[in-house]
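Protein chains in written order, with our numbering: chain S, 3 to 255; chain Y, 11 to 414.
Possibly wrong hints are sitting among the right ones.
Unchecked claim - Some chain Y residues near chain S, calculated using beta-carbon distances under 7 Å:
#1 Ser368
#2 Gly370
#3 Ser372
#4 Gly383
Claimed, not checked - Covered stretches of chain S, going by a simulated chain Y footprint (3 or more residues, C-beta under 8 Å):
#5 45-56
#6 78-85
#7 92-98
#8 214-225
To be verified - Here are the simulated distance ranges between beta carbons:
#9 Glu243/S <-> Asp406/Y: 30 to 38 Å
#10 Lys24/S <-> Arg373/Y: 27 to 35 Å
#11 Arg113/S <-> Pro80/Y: 33 to 41 Å
#12 Arg373/Y <-> Asn27/S: 25 to 33 Å
If you are wondering where the hints come from, they were derived from the structure by calculation, not from laboratory data.
Virtual Cβ for every residue (Gly too), placed ideally from N, Cα, C.
Chain by chain, the residues run as shown.
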Amino acid sequence: MTTPILEIRNLHVRVEEREILKGVNLVLPAGEVHAIMGRNGSGKSTLSYVLAGKEDYEVTGGEILLNGENILEMEPNERAVAGLFLAFQYPVEVPGVATMTFLKAAINAQRKARGEGEISTPDFMRAVKEAGAQLNIDSEMLKRPLNVGFSGGEKKRAEILQMALLKPTLCVLDETDSGLDIDALQIVSKGVNALRSPERSMLVITHYQRLLNHIVPDVVHVFSDGRVVESGGKDLALQLEAKGYADYEKDVA
Amino acid sequence: MQQTMPVRLSAAETTLVEQLKAAGADAQAERITVAGLPTRRVESYHYTDLRMLLKAVPPLAKAANEASAPALRVPGAFQLMIANGVVQENGTAPAGVIVGKAKGTALTLRDDVLVHLNTAFATESLNLNLDGKVDPVIQIDRRTEGEAAHSASSARIYVGDDSEVTIIETFSGSNQAHMTNHASYIAIGKNAKVTHITVDLSGKDATHFATNEYALGEGAQLRSLVIHAGSKLARSHVFARFAGEGSHADFTGLNLVSDGQHSDITLDVNHAVPNTTSQELYKQIARGRSTAVFQGRIVVSRDAQKTDGKMMMQGLMLSDEAQILSKPELEIYADDVVCGHGSTCGQIDEDSLFYLMSRGISRQDAETMLVRGFLEELIDPIEQDELREALASVIDQWLTGGLH
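Make a model of the complete structure from these sequences and hints.
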């Protein structure tokens, strides 16, 4: 059996004194797209931050294996270099840092870690232009400081642009549909679907089934109270949409 | 009642008194003998207690007979040099530039000990007359060379009506415990546009004092930028007087302090006539056990109606042991003015840092990008690419481990 891209084993996480993740298990094989659905506060976003390595989260048990390697001790940048990419629910505005400067720095940091030389300026410009065209991102938007003054839709498109340029093996999309109108949702989904490949896996975290009409998952996991409570095919998302999450939260209710 | 009991002089004060007497500045010698150097009780030295911070004063500088490498190269700039207080020969001046020299300092008399010391010890001034649109950046490269020395230097710059000039002054020299005291006087003619930048890049044991005086004529526009990035102890005092209506100035500055350093930028702005505007933006970044000080005072004279002044200090702490101090003051005697001030201080934003790192950028590179971003609004308004890049290189050097 080939090594899955991502394997989460019995992951427990605390924030301050509160346990948020209570034993998450998940296996994401290469080439597959898995959705995680759950209501607000179920720990979905915590999972995405813990995967990316944000501080303030205390992992009290379990493992996260990326391509078979435990990444829990790695810094966020080392995880990125190892192939992990998190598309943020709320991309951070960074005044004073030009978008193009940032994109080039990110690409070069990852190339450097792989022992490759820096990307040439013409190659870089071409790559950004090509990836940007697919996402309706024009050069005017790229001239602005990173995410500063971007609309909600622009921010999400910029996230997918970064994903396209960095070519990760694991894409984690945290509520990528939030704040998007139908047109923007289509553009973003198209961008994401273009990146589906047999070597790349995706973990799509969402509250609504709507996104999964556009990015069709192989497996849907239902998340409740800090763990995966049910897994199934894409029809599971439709059932959830019809019935809500209430059935999974008897303990809470 | 006059105080008659002299204070007990520190080693630095004793040397200064001897040097002042030898230079014939008896009144100043007497003054220091009686009152000593300013302590924190003197308002304009509140956070820079000279009596405590100035441990020793080296012997007066002799003529320089060697030269260290230039501290900052600005490609295409017209270079002028003052070494150990002596104005050096220069190359052919570009169009619109007349270079000369004159005896004595360029500063007007003020009741400030560092001005007095400069007046006593600066034996000659570089004189610059600038007229029209001067294309190359003018660099005044002030050096203190040889053994540890107490050196004073001076430059007087007249900018003619409707002219447009950019001047950068750099301060550096041999890596010794120098004490330098530099003066710049800049008179800006009607509707002239001036960018004036001073950058201290002195050695790690040096003490750097500088006084910048600006006089703005009618419709004049000034951008002033003071950067401290070198000396152990640095203090730049900026005096500006709006003497003509319709004039505007951006006063900006940056203290970059590392372990063991103390840097102070003190600003005194006088809106003396109506309809003048100023914007003050000072930033300070401190790491290790260090101190960065900004004091800003805006005085609006009784007749200076319609004055508009906004003063801001932003600090960035890179260690828990660093101190960033800010003292803004507004003294308003007119009744129809808009003036304000603010100070903020913080650390590197963790969310931004995580965002950049999550894309593969190392912690150090991400921090560097964020600090550069923080400083961008100081550097960005400088028009010449070469100059902006030279200043960015100073900041990058500091960020990646310091200049020393």
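Each hint, compared with the structure:
no.	hint	in the structure
1	Ser368	holds, 5 Å
2	Gly370	holds, 4 Å
3	Ser372	holds, 5 Å
4	Gly383	holds, 3 Å
5	45-56	holds (count 3)
6	78-85	holds (count 5)
7	92-98	holds (count 5)
8	214-225	violated (count 0)
9	Glu243/S <-> Asp406/Y: 30 to 38 Å	violated, 52 Å
10	Lys24/S <-> Arg373/Y: 27 to 35 Å	holds, 31 Å
11	Arg113/S <-> Pro80/Y: 33 to 41 Å	holds, 35 Å
12	Arg373/Y <-> Asn27/S: 25 to 33 Å	holds, 31 Å
Hint check: violations occur at hints 8 and 9; the rest are consistent with the structure.
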